[in-house]
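The chain contents come next:
Number of protein chains: 2
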Amino acid sequence: MGATSYQALSQTWARIYRLAHLHSIAAWDSAAMMPPKGSEARAAAMAEMQALLHRMSTEPQLQGLIDAAQGESLDAWQTANLREIGRDWRLSNALPEALVQAQSLAGARCEHAWRTQRHANDWPGFLENFREVLRLSREEAQRRADASGLAPYDALLDKFEPAMTSAEVDRLFGEVQQWLPGLVQEVRERQSRETIVSPQGPFPKQAQRALSLEVMQRLGFDFEAGRLDESAHPFSGGVPEDTRLTTRYREDNFVQSLMGTIHETGHARYEQNLPRAWLGQPVAQARSMAIHESQSLSFEMQLGMSPGFVGLLAPLLSAHFGAQPAFEPHALHRLLTRVEPGLIRVDADELTYPAHVIVRYRIERALIAGEAQAEDVPTLWDEAMQSLLGLSTRGNFKDGCMQDTHWSDGAFGYFPCYTLGAMYAAQWFAAMRRAVPDLDARIANADFAPMFDWLREQIWSQGCRWTTAELVRRASGEVPNTRHYRRHLEARYLN
Amino acid sequence: MGATSYQALSQTWARIYRLAHLHSIAAWDSAAMMPPKGSEARAAAMAEMQALLHRMSTEPQLQGLIDAAQGESLDAWQTANLREIGRDWRLSNALPEALVQAQSLAGARCEHAWRTQRHANDWPGFLENFREVLRLSREEAQRRADASGLAPYDALLDKFEPAMTSAEVDRLFGEVQQWLPGLVQEVRERQSRETIVSPQGPFPKQAQRALSLEVMQRLGFDFEAGRLDESAHPFSGGVPEDTRLTTRYREDNFVQSLMGTIHETGHARYEQNLPRAWLGQPVAQARSMAIHESQSLSFEMQLGMSPGFVGLLAPLLSAHFGAQPAFEPHALHRLLTRVEPGLIRVDADELTYPAHVIVRYRIERALIAGEAQAEDVPTLWDEAMQSLLGLSTRGNFKDGCMQDTHWSDGAFGYFPCYTLGAMYAAQWFAAMRRAVPDLDARIANADFAPMFDWLREQIWSQGCRWTTAELVRRASGEVPNTRHYRRHLEARYLN
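Protein sequence lines, in the order shown, are assigned to chains A and B.
In terms of the working numbering, the first sequence opens at residue 51 and continues consecutively.
In terms of the working numbering, the second sequence opens at residue 51 and continues consecutively.
What the hints contain is simulated information worked out from the structure, not anything from laboratory work.
Among the clues, some could well be false.
Some chain B residues near chain A, calculated using beta-carbon distances under 7 angstroms [unchecked claim]:
#1 LEU69
#2 ALA91
#3 LEU263
#4 GLU264
#5 GLU378
With a cut-off of at most 30 angstroms between alpha-carbon atoms, the simulated DSBU-like pairs for lysine-lysine come out as follows [said to hold, decoys possible]:
#6 LYS255/B to LYS255/A
#7 LYS448/B to LYS255/A
#8 LYS255/B to LYS87/A
For glycine and all other residues, C-beta sits at the position ideal for the given N, C-alpha and C.
The following block holds chain A by itself, in its conformation from the complex (with noise of 0.2 angstroms):
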């Protein structure tokens, strides 16, 4: 009996998995683990795997398959998986191998000397660099709308967060664009009137990796499937099977790595409770990118901010660090949700985060479009940030523009999901809290348990089961909206 074309998809596709998860674990150890002078070795590597994951979901036999196997009789995981698999091929499909290369070694070269450049504010070497990283990129985005039909931005965006489009990402950013500025100004205003308590540091590395463990362990993050580490930036990685987070320690403030390490935590139970009789397989993989952020912004700002979880979060801080006036619970909650405009989008208060993000998004699209150039980024980004948070960075590129990898790495599109998933987890927390009324008591009782299972059943275990659109449809009952975001955002600054 021969196998049948989905099997053969099926076992090609369990074998780029195998081989990605080197990719993932190299890309960990890149940021957490790697000296110096393995930069050069490292990126040729993982470049070389790049091209070789390419080749192989471009393999000229794989169209056929793909077309007899939708022929076949499949279960309604299967067809899911059939669709995934497609997408992945038409992804790649859509490039060739040399740009796929071009673009790793690019994205290294630019991303390594970065990490210097930013420090030195040395916009002009970073822009040698970077002229190259988007000149592959906007040949990418135009390869991708040849093979998509979609506009070349759009290709790019669809990349993180399948089937988005600008205009869409328009519509909701239009929304948000038309309250936020007022409400900003008004819990300013309100806040302008409160005292703040100032943590008294230095609060030691040890303490706060001691902190951020615990805190992890409570939110049921599986130590036996996964790390905490450091690199300059805290981000989720390894492979479901195996999870690294990364977080980063100042000595003066243990907000940063605290609530950072909620975050990734986030991103961590979503890649932990993924379907695992499907892992392997495409339909395992998680929806996408703000799907995703959905997740982190769930812990970090829908439970970790909320005035529950800052409850329980007060005697923790007073056991790591010596109890201070600080840590008493209304003190702590005032702390974490004083909103302050500033230049850092990784240091931004959730109020004023999605402005950082419509910075971005606005110039990243008319770079893509080819309607400002890499040189044009300083200024484009001084004027938007006057306009959207009153603030300059004139000459100040590395706490302006140079502030972020994403761009130096190629990843244009990425930023609108950071902004799309404060949305859906505020989406999430209000179909939670139609379905379990006490949610916000049992939140303060340390009882976290229906809100992991809400999004175990509806998120985590579905994978890509679902179409983006569908699985927050059925999650929530509704379309993607910024209602419950701002209510969230209302609720939680104007109370």
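Place chain B on chain A using the hints.
Chain B in isolation, oriented as in the chain A frame:
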């Protein structure tokens, strides 16, 4: 202008090198970083990569390219590179891909289970996996024998120590066995009249780590191109551009970790100083496992336990652990050179170590020849340990035949390299002292440059430029022999 056959081969092996980089880093990660639940997916990923690398080095067109390249105009290094490419090709072509993949999986399974089985002294449990590993290794040996015309065990030995035969090992080990038992007895009698000042612990892990790092620094380890971490079984791994050492710390005993670190630093400096211009090609690899071991033992035994070096260690120990009588140079030297037959190879002193190797060599040869079966190993082990070191391991599997990881991984043919390495190291130091008559005085003065320069010039920078026999002759002016090894041991232990 078309590329030459040599160039095509060189490109293929450069690709293999880049992909093998990811395999090496994943192997290090598995031992030093990976949480337990990651092991199954990791084993599958690494087996997939081994199968892929095997496929790449057995592509049908390679044979024609290798034949054609023989007729091309090549310089001396290219000629040596082509010889090593040919060797690699022959080694790969001797085995079908299915066997490679089966061995990788069976080895990973056996090794992973062994980690807990060893502590539980669970020989029957281990035997279950080990039978399969042995069966596959015998198949490997037979296939390699068929392809090379060597005897099956010699064909495995040749993987690690090219051109070495069991006849030659028998000759060399036979010499050692003639004088070693008498020497051990004489030394033990002398030492029975000596008083040992035992170091008083505990020795905190952090202090041991700081000491290890300082010693590595002094021994020229490049921390910009490597790391030191912990693992259950210390090793030197990673890639030449990024060398990953591991050690382990016991708070009641600093000697193991310290000398282990010095040992691994010898391996690492070899890797870090392989011919840079050729990195990525087979000719830039370390020459063989015995030559590799000759570097670690040059550092640990020849240098590390020399009176001059011990004199430098003494104040370092006091600085990291606080002064105590055991750290006085003379007392420390006595401690480090104490001879005492024991059960554990990795804890063995310099003088009884070869006995551990001979035990293993005899048994593994019999296993591969089919003269012994997997279930016979504990009895054979006990008999050999009784006869060579007068110690019984009956019923004590964990400190007997289950103590090493080599066989669970299917690495039959590796063990002889340890003692061959000790022999080579003595040959290097004899040659070094002829070239640098005041070598020992300079070492005592913390001037290691003559030693490092000699090793860099004669060994490290040569990679695989020469066959092992040529390398040994060029470096030491002699064929491999046990004369300097014996002299070294007599000079150190009977003085």
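> Per the CB criterion, is ALA91/B less than 7 angstroms away from chain A?
Replying inline: holds (4 angstroms)
>> Just to be careful, I want the Cα atoms of LYS255/B and LYS255/A compared with a cutoff of 30 angstroms; is the pair within it?
In response: holds (18 angstroms)
>> Hint validation: GLU378/B versus chain A, beta carbon distance must be below 7 angstroms. Holds or violated?
In response: violated (34 angstroms)
> Going by Cβ atoms only, is LEU69/B closer than 7 angstroms to chain A?
Replying inline: Hint holds; LEU69/B Cβ to chain A Cβ min 6 angstroms, cut 7 angstroms.
> Is the straight-line distance between the alpha-carbon of LYS255/B and that of LYS87/A 30 angstroms or less?
Replying inline: At roughly 28 angstroms apart (the allowed maximum being 30 angstroms), LYS87/A and LYS255/B satisfy the hint.
> Within a Cα-Cα threshold of 30 angstroms, do LYS448/B and LYS255/A meet the stated pairing?
Replying inline: Between LYS448/B and LYS255/A the Cα gap is close to 39 angstroms, so the pair fails against 30 angstroms, i.e. violated.
> Any CB of chain A closer than 7 angstroms to the CB of LEU263/B?
Replying inline: With a closest approach of 13 angstroms, the LEU263/B hint is violated.
> Can the hint on GLU264/B be confirmed by a CB-to-CB distance to chain A that is less than 7 angstroms?
Replying inline: violated (17 angstroms)
Violation of the numbered hints given earlier is confined to hints 3, 4, 5 and 7; the remaining hints are satisfied by the structure.
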